[in-house]
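With chain A fixed as given, assemble chain B onto it according to the hints.
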Amino acid sequence: MKMMTRATVVLLALATAACTNPDRFGGGAGGAGGAGGGVGGVGSASDPASPAYFNQTIGDRVLFAVDTSTITPEGKAILDGQAQWLLTNADYRSVIEGHADEQGTREYNIALGFRRANAVREYLVSRGVPAGRLEVTSYGKERPIEVCSQESCYAKNRRAVTVLSFSAITS
Amino acid sequence: MMKRLLTLLVALMLAGPVLAQNGPLRLRITDGVIEPITFAVPSFEAESPQAQQVAADLSRLVVQDLAGTGLFREVPATAFISQVSSFAQPVAFADWRAINAQALIVGAVTVSGNQLVVRFRLYDVFSGQELGEGLQFAGTTAGWRRMGHKVADAVYSRITGEGGYFDSRVVFVSEAGPKDNRQKRLAVMDYDGANLQFLTDSSTIVLAPRFSPNGDRVLYTSYESGFPRINVLNVANVGRQQLTTAPGEMAFSPRFSRDGRQVTYSLSNGGNTDIYRTDLSSGQHVRLTSAPSIETAPSLSPDGSQIVFESDRSGSQQLYIMSANGGEARRISFGEGRYGTPVWSPRGDLVAFTKQNAGRFHIGVMRTDGSEERLLTSSFLDEGPTWSPNGRVIMFSRETQGAGGTSSMYSVDISGRNLKAVPIQGGASDPSWGPLQP
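Here the protein sequences come in this chain order: A and B.
The opening residue of the first sequence carries number 1 in my numbering; numbering runs sequentially from there.
The opening residue of the second sequence carries number 1001 in my numbering; numbering runs sequentially from there.
The calculated label-pair distances, taken between Cβ atoms and stated as ranges, are: (1) A:77 to B:1201: 34 to 44 Å; (2) A:151 to B:1080: 56 to 66 Å; (3) A:155 to B:1291: 27 to 37 Å; (4) B:1302 to A:87: 54 to 64 Å; (5) A:126 to B:1358: 29 to 39 Å; (6) B:1374 to A:151: 28 to 38 Å.
Hints were generated in silico from the structure; no laboratory data involved.
The beta-carbon is built from N, C-alpha and C at its ideal position, and this holds for glycine as well.
One chain only, chain A, in its complex shape (with noise of 0.2 Å):
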């Protein structure tokens, strides 16, 4: 019984995933971040084994400086609230995407997301979060979530976005 609610939740989840998550995008994979789907918002902020406590409350994502992978201070307590979440939550897995600002090259910048994205993954791994959990993958600056041509925009486009899917519903 507990396993069919979970079934439902995921569904759900996944139908709302383009809605929910600025990182998703409606139309097939274009911006799914692959594997499991991720599972956006779900459930309440308040409630703090759910995915949208995960997303809102704790933060589902680091800033950085222009050209760097270097985690900030206050990105490394976002981290620390995602590791303590993780280990909490054994049942999420995570595909941690990196993502750059539209100054740069496309190639470049890819391999400038994927030195975000690894960033926090081996700073959750330090944390103690089981590096099998979490995935790496970078779209460079193929998805902006600010459309300006500004700093302001840029400076939150310069991201790693920790995105949370179900390891196996078996599991």
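Coordinates of chain B only, in the frame set by chain A:
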């Protein structure tokens, strides 16, 4: 599709006295030409009633190709003193000299069923001689544009002494939608934007397609798995297969070797990006760089012996050259700013690149030792140069600023002149210029 029935003899065959000009009709592009060669194209003769439309269209296309280079200027038909009603009739050179047309192109078109035959002759008006021999192209009426491009290529080639580029195709990314939800799909077009054809749908992000040396296949980066991976697409049947990549590895920025059998590309593992080569038939991988920095955008020299690539090993993106088998690399870019996306020219003498400096992007060229750097463009965001088959023109992407920003493709001569947008509908980026078609 088309065959040459007569042999093309390349330029420089003028002998005898030269009249109003200094030597035979000849344009040296390297001289930094400012004054274009003037030419006249009387509408090609229609040798059958059903050939009339295509004869008119085809002659206009020849004019567009030549005038579009900026190296030639059309003398309009309204200025003509004599008309050319028959391909076979002797040319009244005095009438063409009087309107200062240096070159005269006459042609004839025959249509029977869906078969099309085009013949043309090129005259050097001031010396009163034919430049090269008459040529004939045969094909289907549906392929009339290619035959027009072939005529223009032959004219360009005879006058400049260089290969043409009009009968060529470009593979690129067609874009739609706003910046934060951009839909991308692979497409192919003629160099002038005609005959647009889509190769993929927009269900997943696709990036940076690269033509194989003979134009039969396209390498590109696809996000269909959620991770960047390299696909090989067969242009004729749109069949595709993925380059094998281990779990946890991401592959992108591919290019074919000159024989089309190997792929040089970037592979990321554990946050680090290096350059690898894979043999397409055996699947065997070779690692070519091994540094904690970002190594990407590899491009082979025409003889296949060297690779130019970008690396931030010095602390910022710069260009380097190494042996095609890896090993020590030498830095070639030393100007201010950052340098990326190097592409070796088909002649081997130059490297085109994207330069980022003081908040602006530029497309530029430099010699392979890094000397004689020349910036050809400047804008909010120019990137991703690709060479015309003859190494005289560069096509690239230009993205405009702000929330409503869109991407378009432009071309520019390596002299920096003749900057113009490629006329196609919708957004477009990441052009890769294919070979001159056979």
